[in-house]
Amino acid sequence: MGMTEAILLTIATAATPLLIAALGELVVERSGVLNLGVEGMMIMGAVGGFAAASLTGNPWIGILIAILFGAITSLAFAFLTLSLAANQVATGLALTILGLGLSGLIGEPFVGQAGIKLSNISIPVLTDLPLVGPLLFGQDPIFYMSIALVIGVAWFLFRTRFGLTLRSIGDNHISAHALGIPVLRYRYFAVMFGGACAGLAGGHLSLVYTPQWVENMSAGRGWIALALVVFASWRPARVLAGAYLFGAVSIGQLHAQALGVGVPSQLLTALPYIATIVVLVLISQNVRTTLINTPAMLGRAFVPER
Amino acid sequence: MDQGEVLLKLEGISKYYGSFKANDQISLEILPGEIHALLGENGAGKSTLVKMLYGSLQPDEGRIIWEGQEVHVPNPAAARDLGVGMVFQHFSLFDALTVAENVALALPPGKSLKQVAKELEEISTSYGLPLKANARIHDLSVGERQRVEIVRCLLQHPKLIIMDEPTSVLTPQEAEDLFKVLRRLSDEGKAILYISHKLAEVQALCQEATILRHGKVVGECVPGDETPISLAKMMVGSDIHEISPRDVAVAHGDVMLQVKSLSLSGLSGFDTALKDISFMLHAGEISGIAGIAGNGQNELFDAVSGERVSEEECILIKGEPVGNMGIQKRRKLGAMFISEERLGHAAVPEFALSENVILTRHGLDKSLNKGPFVSRRAAKKVKDDIVAKFDVRKGSSDPTAQSLSGGNLQKFVLGREVMGDAEIIVVNQPTWGVDAGSAAHIRQWLVDLAAKGAAVLVISQDLDELFEVADAIATLNEGRLSPFVPTRSTDRHKIGLQMTSGTLEQA
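Respectively, the protein sequence lines represent chains A and B.
First residue of the first sequence: 534, per this note's numbering; consecutive thereafter.
First residue of the second sequence: 103, per this note's numbering; consecutive thereafter.
For the record, the hints were derived by calculation from the structure and aren't laboratory data.
Keep in mind that this is a model prediction, so the values were computed, not measured.
Check each hint, because a few of them may be wrong.
To be verified - Covered stretches of chain B (in silico footprint by chain A; criterion: 3 or more residues with CB under 8 Å from a CB of chain A, positions within the stretch not fixed): (1) 172-179; (2) 205-214.
Stated by the list, open to error - Label pairs and their in silico Cβ distance ranges: (3) Leu461/B with Ile707/A: 37 to 43 Å; (4) Asn236/B with Ala803/A: 43 to 49 Å; (5) His788/A with Asp378/B: 54 to 60 Å; (6) Pro837/A with Lys491/B: 40 to 46 Å; (7) Arg692/A with Arg286/B: 50 to 56 Å; (8) Leu617/A with Lys431/B: 40 to 46 Å; (9) Pro176/B with Pro657/A: 57 to 63 Å; (10) Val658/A with Asn236/B: 44 to 50 Å; (11) Lys335/B with Arg692/A: 41 to 47 Å; (12) Ile707/A with Glu113/B: 53 to 59 Å.
The beta-carbon is built from N, C-alpha and C at its ideal position, and this holds for glycine as well.
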């Protein structure tokens, strides 16, 4: 495997958790809910996945538990913000703090343990093709899931009645309620889907990306996923582009450090985050487009009239 | 009439919010093909009643009998299954979605978007309500949005159509077109429950009327047999105060407010840009600006009041350029501004009235300040003065702004602004959502202020109001202002045409 292939592969691996978490959050935000707890749900998925995999010896059970942990964590958010109409911003921040703390506690016995890696797939002949072989047919299973998820989410949102209904709730929950659409039920499902995705992204971190458990190993990826959703102006295909752009920058800076570029390493490490800020600033230049694409109900609580 | 023919019968419907009776023992009957008016002031309980019919709210007492059978309407989908359709007052459309998507959401599942698009274009053409299925709602005019609502309703093949204040957003011409459609639907045997507080149109359109006041049925009549005065009396429960005219022959004084070539781009995708607006407002004069909602009224108000700054020379108060000044500096020059939204804009909903006094008057009324601190006692005194002078009715001595009714809060807000020495008064939608009694008082005060020499600019969607108080009227259409014409030399029809002429040119 050549250098180019290796770099492209690591970019895909770095982009996959961002892509999955951002797609989940995109569905949540399309329903009009702002869940800032992506980081917390992701780290819960990471610790749950790692623990389950090392207890059972099966990384697939780890992945399943990671999804479950993310979804359960999001259920707490859903109950507080949807059923009790608590402030979404505050609750989301609390969820992140809770997730980071709780995962440290759960993960305590697993610190320093060797992890179990979910192995890359391998198809005879195809995987051995030059360049495209490893990229198309030799990656980890979660990578393929992430691509399927982009297509699935896009199809769901823009081609199905459920997706249309979900978008209508994000656009105007009062009108949706007046038409008899069960606003809160849809939002519960959306939030739990977002949680499951964040959990899966976390599982990818602790079972594929760096197969071990380290406290705070999500390292701000949840926040980047949140920024990606805005960056993508709530469109799945653009989330894909954004996640890979960010993956490329974060891998690029590692290689730049290895090559000994004459720039302080701290600056290089900060590069992906600087890139996020720059992109967000550039996007907010066009206020008009951003406003039209933004789900109008984003972050607003819905309390049905009685 | 044979009893079996009755389409809908309500018996003793009641809805309580705590001790407040929004609807109290309401009964009425509607026959197929009948256009039945539900008349009442804001807050009389009309909307509450129809929400129960449409399943958005549940009655606490009473029976709904549909085609002879008692029914329970747990949600809007159940109402649609029965054959009840609704056209909402505040449109229940989704701005970011297309016309076809909006319609599809209200239909039972099973049809593809293409089928829905085709059917809606067919039905809209056959009723003379042309629509493009792929247009996005936020690109449509208010009249077109209402068409979407009506077509969406018709595609459900309803037997009863509820229309909640359908003409409040239409020009007189658009309203005429709507009436044609409604008469045709009535001829086809569809019943229409028509909610309004506009008496003339109820008289022209409806065969029966039920009148609500404070949640109770206070009368039933054939509107054609009544006079507008007698209907108004039933609605309000007392005689309506008539405006006593002032002597308009008095020559207008100095130019108090001048707007010169004001152009402002819209802040967001949903705002209207203002295009080259110029006018002058003299002392002792009331000028009115008419227009359909969303044609730049709020943007113009924001620019004149200083909520948005513009080029310095674009706006002059008493000859002084103020375009780049904030609202407080303009107040100090003697200009007062009363914005459209009472709650959340003109007043902070959770704040007491005395605290709301401080918000706009602290820079003008030195008695409100004690060094760097606020004098609550002085604020309460100002509040008491406003309450007494402007007849604000309230429950406790210093209630929160949100606990007042729309009419009383509007009187309070108006009073707060004009208590001092207001020389220029700019007011946006002064009587929107205000009961008829308070509205008459508010108009009278505006007239009195002008009689004392103040320059008054009234921005309103209510043409009746403008013709009642204004000396000259201009229209705002897609951010452009027409020249002012004296009220006496124009009429509602001409102004109505002006309100849409821009759109006609484009079509």
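Hints, verified against the model:
Coverage of the segment 172-179 of chain B by chain A holds [criterion: at least 3 residues with CB-CB distance below 8 Å; count 3]. Only residues whose beta carbon comes within less than 8 Å of a beta carbon in chain A count, and the segment 205-214 of chain B has 4; three or more means the coverage holds. Separation of leucine 461/B from isoleucine 707/A is about 28 Å and departs from the stated range, judged on CB atoms against 37 to 43 Å. As the Cβ distance of asparagine 236/B to alanine 803/A is approximately 45 Å, the hint placing it in 43 to 49 Å holds.
For the pair histidine 788/A and aspartate 378/B, the beta carbons lie near 57 Å from each other, so the given range of 54 to 60 Å is met. At about 41 Å, the CB distance of proline 837/A to lysine 491/B agrees with the hint of 40 to 46 Å. A hinted range of 50 to 56 Å is violated for the C-beta pair arginine 692/A and arginine 286/B, which are about 37 Å apart. For the pair leucine 617/A and lysine 431/B, the beta carbons lie near 44 Å from each other, so the given range of 40 to 46 Å is met.
Checked against the hint of 57 to 63 Å, the pair proline 176/B and proline 657/A passes, with Cβ atoms roughly 60 Å apart. Judged by the Cβ atoms, the range 44 to 50 Å given for valine 658/A and asparagine 236/B holds: they are separated by roughly 47 Å. A C-beta distance of roughly 57 Å is found between lysine 335/B and arginine 692/A, which places it outside the suggested range of 41 to 47 Å. As the Cβ distance of isoleucine 707/A to glutamate 113/B is approximately 30 Å, the hint placing it in 53 to 59 Å is violated.
Hint check: violations occur at hints 3, 7, 11 and 12; the rest are consistent with the structure.
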